[in-house]
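Under our numbering, the residue at position 69 of the sequence shown is numbered 69, and the numbers go up by one with no gaps.
The hints are simulated quantities; they were obtained by calculation from the structure and are not laboratory data. The structure presented is a predicted model; accordingly, all values stated were derived computationally and were not measured. Incorrect hints may appear among the rest.
[Stated by the list, open to error] With a straight-line Cα cutoff of 30 Å, these simulated DSS-like cross-link-like pairs (lysine-lysine) come out:
no., residue 1, residue 2
1, Lys423, Lys412
2, Lys416, Lys515
3, Lys317, Lys385
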Amino acid sequence: MVSGAAAAVMRRAAPFPRSNVGMAVTAGLGVASCPAAPAVTPSPFLLPGLAITSRPSTRQFTSGARKTTTAPRTPGYSPVPRSTQRLSPVSRQLLGQPRWASPVNALRYLSMTRPMLQQKGEPNEMAASSKQELAPAGLKEELLDQHLTTHGFQRSEKAAKAAHVNMSARLSKEGVGAKGKPGLAEVWRLIKIARPEVRWLAAAFVLLLISSAVTMSIPFSVGRIMDLSTKGPIDEVQIFGLTLRQFFYGLAAVLTLGAMANFGRIILLRIVGERVVARLRSQLYRRTYVQDAEFFDANRVGDLISRLSSDAVIVGKSITQNMSDGLRALVSGAAGFVMMAWMSPKLTSIILVMVPPIAVGAVLYGRSIRHLSRQLQKNVGTMVKIAEERLGNVKTSQAFAGEIQEVARYNKQIRKIFALGKKESLISGTFFASTSWAGNMTILAMLIVGGNLVRSGSMSIGDLTSFMMYTVFAGSSLFGVSGFYSELMKGVGAASRLFELQDRQPTIHQTVGMKVTSAQGPIRFSNVTFAYPTRPAVNIFNGLNFEIPSGSNVCIVGPSGGGKSTVASLLLRFYNPTSGSITINGVDISKMNVKSLRRRIGMVAQEPVLFSGTIAENIAYGNPNATRAEIIAAAQKANCGFISDFPDGLETQVGARGAQLSGGQKQRIAIARALLKDPDILLLDEATSALDAESETLVNAALGELLKGRSTTISIAHRLSTIKRSDRIIVLSTEGTVAEIGSYAELSANKESAFSKLMEWQMSGGEVSADQRRATEERAVEEDLEEHEDDIADEEEEEERKRR
1 MVSGAAAAVM RRAAPFPRSN VGMAVTAGLG VASCPAAPAV TPSPFLLPGL
51 AITSRPSTRQ FTSGARKTTT APRTPGYSPV PRSTQRLSPV SRQLLGQPRW
101 ASPVNALRYL SMTRPMLQQK GEPNEMAASS KQELAPAGLK EELLDQHLTT
151 HGFQRSEKAA KAAHVNMSAR LSKEGVGAKG KPGLAEVWRL IKIARPEVRW
201 LAAAFVLLLI SSAVTMSIPF SVGRIMDLST KGPIDEVQIF GLTLRQFFYG
251 LAAVLTLGAM ANFGRIILLR IVGERVVARL RSQLYRRTYV QDAEFFDANR
301 VGDLISRLSS DAVIVGKSIT QNMSDGLRAL VSGAAGFVMM AWMSPKLTSI
351 ILVMVPPIAV GAVLYGRSIR HLSRQLQKNV GTMVKIAEER LGNVKTSQAF
401 AGEIQEVARY NKQIRKIFAL GKKESLISGT FFASTSWAGN MTILAMLIVG
451 GNLVRSGSMS IGDLTSFMMY TVFAGSSLFG VSGFYSELMK GVGAASRLFE
501 LQDRQPTIHQ TVGMKVTSAQ GPIRFSNVTF AYPTRPAVNI FNGLNFEIPS
551 GSNVCIVGPS GGGKSTVASL LLRFYNPTSG SITINGVDIS KMNVKSLRRR
601 IGMVAQEPVL FSGTIAENIA YGNPNATRAE IIAAAQKANC GFISDFPDGL
651 ETQVGARGAQ LSGGQKQRIA IARALLKDPD ILLLDEATSA LDAESETLVN
701 AALGELLKGR STTISIAHRL STIKRSDRII VLSTEGTVAE IGSYAELSAN
751 KESAFSKLME WQMSGGEVSA DQRRATEERA VEEDLEEHED DIADEEEEEE
801 RKRR
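Can you make the complete structure from the sequences, with help from the hints?
Set out below in structure tokens:
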């Protein structure tokens with residue numbers, strides 16, 4: 001038998017009296033049908049998987065004090081969607097699902113959908129049983145269980161708003177101008193990065209000219225020697241007024257000078273390149289550190305690390321070593337073509353025919369390489385991001401045996417990079433192979449034409465030899481220029497990512513505003529409205545108003561996601577309110593210098609962050625000039641007696657993120673760090689959550705004695721012990737406003753207060769039992785069915801009046 005509540009639902013679910021109902025319900029809901037039921041055209045509201053058949057009938061039902069009799073439905077009739085507007089958000093979400101997934105949705109749907117009657121057609125084949133129960137015993141219970149399992153997390157209206165994200169602060173994966181072509185301005189900006197090193201670059205350029213001149217003198221010398229050696233005895237041969245022996249000694253000295261110049265050039269460029277990279281990284285790191293919280297909400301740390309590391313190296317190499325090689329290729333190529341034109345204009349014209357196609361190919365190749373470089377750097381950044389995030393939380397991955405999936409995730413990114421590398425190698429191989437083939441064909445053509453010139457006496461063997469050597473040098477220079485262009489485009493691709501970071505202006509400037517010498521005084525939130533920049537449609541606060549007296553100890557409580565930690569973020573000016581104002585001693589903090597304001601505020605977060613270094617360095621982080629005695633005093637007040645158990649005491653290395661310490665030890669060091677700062681405002685975001693009862697008592701006593709009457713303490717807590725020791729309690733509501741303010745005694749005395757209900761919920765573990773969930777779901781179904789039947793009745797009456 002079906003329970004009373006279930007039977008009520010089933011009665012409402014039936015669109016006609018039970019004796020006339022013929023219905024087939026699929027999708028695992030069972031079958032209830034009448035043999036005589038005609039086929040029915042599905043309603044436009046009918047979801048996939050639900051088939052309903054019925055025959056014309058007159059429906060009577062009672063809802064509250066009203067009784068309505070409706071006429072038989074006519075073919076083509078369907079309910080007006082207007083009635084669905086009064087359903088609860090959860091019901092509307094269920095009805096809006098693209099496929100039939102919720103059995104509870106079926107129960108709700110049966111009461112709101114009127115099947116269109118169709119007088120023709122054969123009976124539904126599934127209508128096999130004439131008197132099968134609409135729902136077997138316990139069906140509703142099974143439906144509700146399945147509903148809670150399948151739809152444990154319904155999409156709320158807040159989630160719909162949260163879908164509207166604002167990622168304007170996110171850096172482009174490919175940098176500025178990623179979709180456009182590299183203009184001269186972009187290339188010139190890349191070159192200007194090396195402006196501080198212009199003197200050293202000028203010296204390197206002079207050495208480059210010397211080494212290039214020496215190199216380009218070799219073909220001419222070889223040609224002269226070959227011509228003179230065939231015209232008489234070797235002892236009588238003179239070159240430039242020198243004997244052959246003297247010429248060789250002089251040539252050796254010149255070649256040595258060229259080697260030394262080349263050595264100096266390489267050393268200078270390497271040093272200049274390292275300076276450029278170091279300065280670029282320093283500037284970008286400083287630029288990154290002054291960005292606001294919105295920037296870090298929108299950008300992953302791994303991508304920023306990639307820009308600071310690999311992108312900076314590519315840019316440094318592009319404007320030093322690559323620039324030098326490109327200039328050398330240009331100088332050598334120009335000198336080679338001049339010498340070739342002086343020796344034989346006819347042979348030079350053959351080479352000039354091959355220059356335009358090679359130049360066009362070089363430009364196309366450079367563009368392709370530039371695009372691939374951006375893609376490659378983007379994927380390298382993603383790979384670094386994956387490695388940084390996963391290795392930083394390796395214990396969590398290992399605890400859930402997630403090593404295989406994390407390695408697979410990393411390998412997937414490696415395969416993407418490998419695919420881009422293969423594509424680059426294919427393009428590079430095609431370009432260099434084709435240009436090499438064209439160069440070899442050019443040399444072959446010159447040998448044929450040059451041989452004819454030598455046979456006709458128009459050209460000597462020495463000149464032909466020199467010309468061929470210059471051809472090789474000019475060809476290699478041409479390859480060098482094309483390689484220089486492709487590497488320059490790589491540098492432009494990497495530099496565009498750096499320029500985007502460098503050009504990004506924070507919305508909150510840390511050094512603008514009046515200096516704050518004291519943050520003592522009342523703190524007031526006046527009609528504050530706030531939404532996180534990345535989720536502008538979701539308001540955390542809606543007209544928040546409260547005041548915290550100077551020197552008081554205030555605790556902020558509220559439901560999860562109610563904005564407790566957001567209060568601390570707004571006080572620290574990580575974000576600006578959307579509207580309203582926050583004042584300290586009557587001065588709006590938006591007019592204050594952010595750095596000086598934060599120096600007057602101490603912060604202990606729920607999950608304390610320690611940096612690699614010693615315990616003493618971490619305690620003195622907020623006050624680097626603190627003496628040893630002050631560090632020890634702060635550690636003692638924060639109950640850091642465990643330091644004496646370490647062999648190195650205060651000089652103990654805490655490891656990355658404090659990995660060598662327990663959670664409670666890290667928390668106490670963080671408290672000592674805040675105490676040493678001697679702040680006017682102390683923010684404690686669950687500051688004692690990781691402490692045992694004994695340590696928490698000692699730390700709370702130390703905080704109470706130290707901060708009484710001096711600093712304003714704002715605690716964000718769930719622990720009853722922390723809440724009890726507060727002077728005032730501010731209770732936040734889920735609507736983004738203040739629910740109530742008062743002392744612990746005042747609020748706890750009222751059992752109907754929001755604070756009392758919140759404490760009761762937390763004391764019960766913050767969980768809703770299965771019975772409570774089931775009862776809530778049943779009430780929602782019952783209320784929706786009753787309200788919807790009234791709406792349908794009104795619509796039927798209106799439809800009947802129109803029909804008459």
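Contradicted hints - numbers only: Hint 2 is the one this structure does not satisfy, whereas the remaining hints hold.
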